[in-house]
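Q: Sequence:
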Amino acid sequence: MTNKITDISIIIPCYNVEDYIADCLNSLINQSCLPKEIICIDDGSTDNTLLILQQYASKLSYIKIVQQSNLGVSVARNKGIEIASGNYILFIDSDDIININLFDEFATILNIEPNLDFFYFDYTSFQDSKAHLKSSQFSPTKPKFFKSGLDLFSYLLEKKNYSGVVWRYIFNQKLFNEKFIGKNHEDHLVSLSIISKAKATYYLKNKDAYFHRVRSSSLSMQNIDYLYTNTLKNVLNKCITNIIELPLSEIAKRNYILVMNATYLESVLKSNKLQSKKEKENLIQELGLLKLLIRIYIDNKPNIFRNIPYILKFIKNYPCPMSTKQALLKCVITKQHPCLNIKSKFKQYSSLNKF
Numbered sequence: 001m002t003n004k005i006t007d008i009s010i011i012i013p014c015y016n017v018e019d020y021i022a023d024c025l026n027s028l029i030n031q032s033c034l035p036k037e038i039i040c041i042d043d044g045s046t047d048n049t050l051l052i053l054q055q056y057a058s059k060l061s062y063i064k065i066v067q068q069s070n071l072g073v074s075v076a077r078n079k080g081i082e083i084a085s086g087n088y089i090l091f092i093d094s095d096d097i098i099n100i101n102l103f104d105e106f107a108t109i110l111n112i113e114p115n116l117d118f119f120y121f122d123y124t125s126f127q128d129s130k131a132h133l134k135s136s137q138f139s140p141t142k143p144k145f146f147k148s149g150l151d152l153f154s155y156l157l158e159k160k161n162y163s164g165v166v167w168r169y170i171f172n173q174k175l176f177n178e179k180f181i182g183k184n185h186e187d188h189l190v191s192l193s194i195i196s197k198a199k200a201t202y203y204l205k206n207k208d209a210y211f212h213r214v215r216s217s218s219l220s221m222q223n224i225d226y227l228y229t230n231t232l233k234n235v236l237n238k239c240i241t242n243i244i245e246l247p248l249s250e251i252a253k254r255n256y257i258l259v260m261n262a263t264y265l266e267s268v269l270k271s272n273k274l275q276s277k278k279e280k281e282n283l284i285q286e287l288g289l290l291k292l293l294i295r296i297y298i299d300n301k302p303n304i305f306r307n308i309p310y311i312l313k314f315i316k317n318y319p320c321p322m323s324t325k326q327a328l329l330k331c332v333i334t335k336q337h338p339c340l341n342i343k344s345k346f347k348q349y350s351s352l353n354k355f
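Numbering-wise, the sequence shown is residues 1 to 355 according to the numbering used here.
Hints listed in this document are in silico derivations from the structure and should not be mistaken for laboratory results. It cannot be assumed that every hint is accurate.
Said to hold, decoys possible - Cross-link-like lysine-lysine pairs, in silico, BS3-like; alpha carbons within 30 angstroms at most:
no., residue 1, residue 2
1, LYS313, LYS270
2, LYS197, LYS144
3, LYS238, LYS347
4, LYS277, LYS313
5, LYS325, LYS313
6, LYS325, LYS207
7, LYS79, LYS197
8, LYS159, LYS313
9, LYS270, LYS207
10, LYS144, LYS301
11, LYS205, LYS277
12, LYS207, LYS278
13, LYS316, LYS270
14, LYS291, LYS277
15, LYS291, LYS354
16, LYS205, LYS301
17, LYS238, LYS79
18, LYS36, LYS207
19, LYS160, LYS207
20, LYS238, LYS205
21, LYS354, LYS278
22, LYS253, LYS273
23, LYS160, LYS197
24, LYS233, LYS79
25, LYS199, LYS144
26, LYS160, LYS59
27, LYS59, LYS79
28, LYS174, LYS197
29, LYS347, LYS278
30, LYS301, LYS280
31, LYS316, LYS278
32, LYS277, LYS335
33, LYS159, LYS79
34, LYS354, LYS301
Unchecked claim - Using C-beta positions, here's what the derived DEER-type ranges look like:
no., residue 1, residue 2, range
35, ILE5, ASN341, 27 to 35 angstroms
36, ASN87, ILE315, 49 to 57 angstroms
37, HIS212, ILE65, 22 to 30 angstroms
Where a beta carbon is used, it is the ideal one built from N, C-alpha and C, also for glycine.
Go ahead and model the full structure; you've got the sequences and the hints to work with.
A: This is how it looks when you write it as structure tokens:
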């Protein structure tokens, strides 16, 4: 029996993933509806990654290998786009796995909406370990079609379910006109460009669609340097400037700005950027305040008696002076940031330029 084929080009940057790439490829070649092609860009691996790729490609003609000399994931993704022949694109991290019914679900939705531009799906994270293929059928749910990417974008931001990573969606290749630049954080600007230009979109609300591996050796789990945080600051500043100008709901804009500011502060706190004890104390206070606002206004958890244990746990994880503890407890009670009017002045707020 011949598998159905859907018009998707899969692009996988690969670097030293000999322990994981087989899991990833197996989840693709066992799809109930196969992709048109799988483009693997080996980024100068020094282990057996390339050998494993060649073994798969020797058996399956739709697996293509491109080699480059450790130029980074951005260059790899751009190169993949240049040679992709499918009308639709999906970027995949080389250590992740995909539900083997995902592309069949995409093909079904594409049959319903032939002009589909953007197919967004939920995911589940799992720890650094071997994983089994996931073959669960997607539960029947009311289809979530949106007339535009901006409508979907507002919906996702209001539900606090937008992350900006490029492996969470299949998109029409014609939407790709913001190339990946740099080695870190390139997802944010590219995703923003694609979703804001999309017309017909669909949201698959199912966490069994994609499985994202969290590795202890990944960059997010290691010490972060100054260049990393500075690049993140520049990217998020551009994104926030663009977000403010887009025709999104005020709630969506507020949620994006608060979450991205908190994301930046968490990265700085993990980095070697902080120069003094006082600066670190100020950052911890600012992060705590933002996390409280996110919990109260985005997660819709305003209960004072439940937020007190939440902030006490935060204080335990991030030791801080009495003045910071008092400011955080005051925020729990008043539901207000001392320097930010959450209802009307959030667009002017930026912790990115404070630290």
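Q: Any of the earlier hints contradicted here, and which numbers?
A: 6, 11, 12, 26, 33 and 35
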